[in-house]
Amino acid sequence: MNKMYMQMKWIKNLLAVSLASALVVACDRQEESHEDIVKADLLVIIDSMGSPCEQVIDYESSEELAYSISCKSGHRYLISVNPQGRVDIQNKE
Amino acid sequence: MTGKNTHFNVVQTFCVLLPVLVMFIVLSLPVTAHDPTMPRGGCPPVEEEIIDLQILGDMLADTRAIGLFTKLSLKKDIEKVLRRLNRFHDGKSKFTLEQIEEQYDLLLMKIAIHLQDNDLALHHHLCNAWLVIWEDLRDYDRFHEHHG
Chain A
1 MNKMYMQMKW
11 IKNLLAVSLA
21 SALVVACDRQ
31 EESHEDIVKA
41 DLLVIIDSMG
51 SPCEQVIDYE
61 SSEELAYSIS
71 CKSGHRYLIS
81 VNPQGRVDIQ
91 NKE
Chain B
1 MTGKNTHFNV
11 VQTFCVLLPV
21 LVMFIVLSLP
31 VTAHDPTMPR
41 GGCPPVEEEI
51 IDLQILGDML
61 ADTRAIGLFT
71 KLSLKKDIEK
81 VLRRLNRFHD
91 GKSKFTLEQI
101 EEQYDLLLMK
111 IAIHLQDNDL
121 ALHHHLCNAW
131 LVIWEDLRDY
141 DRFHEHHG
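Which chain is which? The protein sequence lines are A and B, in order.
The first sequence begins at 1 in this note's numbering and counts up one residue at a time.
The second sequence begins at 1 in this note's numbering and counts up one residue at a time.
This is chain A alone, in the form it adopts within the complex (with noise of 0.2 Å):
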């Protein structure tokens, strides 16, 4: 009997191991779009700069290392970087 209970807990972890397996390797497999990485970026780099946002609902870039942003919270950034490597933000009206 114990040894049956020993069996059937052994099963239960191996089963539980192996699901938890696929869904890491399932997760990792469904990589994000080329757009949701950047939001996901630029949410970052504003919230690194002490900017609220919440999440990035649209981005445009305008020109080379410049994104002009829209967040949920109604605000919006122009971000870019100045020709001495420096990330500037500045609201925009």
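It should be emphasised that the hints constitute simulated quantities derived from the structure, not laboratory data.
Hints are supplied without guarantee of correctness; some may be wrong.
[Said to hold, decoys possible] Pulled from the structure, derived: some chain A residues nowhere near chain B, Cβ distances all over 10 Å:
1. Tyr5
2. Leu14
3. Ser48
4. Pro52
5. Cys71
6. Arg76
7. Asn82
8. Arg86
9. Gln90
[As the list claims (entries may be wrong)] From the structure, some residues in chain B lie toward chain A, with a derived Cβ separation under 8 Å:
10. Gly42
11. Cys43
12. Glu47
13. Phe69
14. Lys110
15. Leu126
Even for Gly, the Cβ is constructed at its ideal location relative to N, Cα and C.
Following the hints, complete the assembly by docking chain B onto the known chain A.
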């Protein structure tokens, strides 16, 4: 007749001088920021240039300008970009090279934010390495030489 000869000489001289002038103007134009051998426009000079994303990653690990969790997050982001480039060079990527370049630029922007006010020396390195590293990554042979 003399007037006609003079007119002919002027035209001939003009035809010779014009291409020389055009060549001179073209050669004297400044090199654009896209030239991979040159740093971005106004980057402050550095003694030794970083030419590899892994070296940049190692230098980031040593800086005090970035907290531990941000370092781990940036390390993961660097690995993601390298993985996407690896897939691209193997012909298995769903992203175009232009899209991966944009993702690379955003990664460097995320790094630059943390350095620009807290570690100027490393920020200058980053600025100078921005294009150099990308040229290294986009090239199939150089990518596999450094990251294969």
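Each hint tested on the structure:
Separation of Tyr5 (chain A) from chain B is adequate, the least Cβ-Cβ distance of about 41 Å exceeding the 10 Å criterion. At roughly 29 Å from the closest C-beta of chain B, the C-beta of Leu14 (chain A) stays outside 10 Å, upholding its exclusion from the interface. Not every beta carbon of chain B lies more than 10 Å from that of Ser48 (chain A), the smallest distance being close to 5 Å; the non-interface claim is violated. Residue placement check: Pro52 (chain A) keeps its beta carbon more than 10 Å from all beta carbons of chain B (closest about 16 Å).
The Cβ of Cys71 (chain A) sits about 16 Å from the closest Cβ of chain B, beyond the 10 Å cut-off, so the non-interface label holds. No Cβ of chain B approaches the Cβ of Arg76 (chain A) within 10 Å, the least distance being about 18 Å, so the stated non-interface status holds. Not every C-beta of chain B lies more than 10 Å from that of Asn82 (chain A), the closest at about 8 Å, which undercuts listing it as non-interface. For Arg86 (chain A), the requirement that its beta carbon stay farther than 10 Å from each beta carbon of chain B is not met, with the minimum near 5 Å.
Gln90 (chain A), annotated as away from the interface, keeps every beta carbon of chain B farther than 10 Å; the closest lies near 14 Å. Below 8 Å, beta-carbon pairs count as interface contacts, and Gly42 (chain B) has one with chain A at about 4 Å; its hint therefore holds. Proximity of Cys43 (chain B) to chain A holds as hinted, the smallest CB-CB distance being about 6 Å (cut-off 8 Å). Proximity of Glu47 (chain B) to chain A is violated relative to the hint, the smallest CB-CB distance being about 17 Å (cut-off 8 Å).
Taking 8 Å as the C-beta cut-off, the interface hint given for Phe69 (chain B) is violated, the closest approach to chain A being about 12 Å. Because the smallest distance between the Cβ of Lys110 (chain B) and any Cβ of chain A comes to about 6 Å, under 8 Å, the interface hint for this residue holds. Because the smallest distance between the Cβ of Leu126 (chain B) and any Cβ of chain A comes to about 6 Å, under 8 Å, the interface hint for this residue holds.
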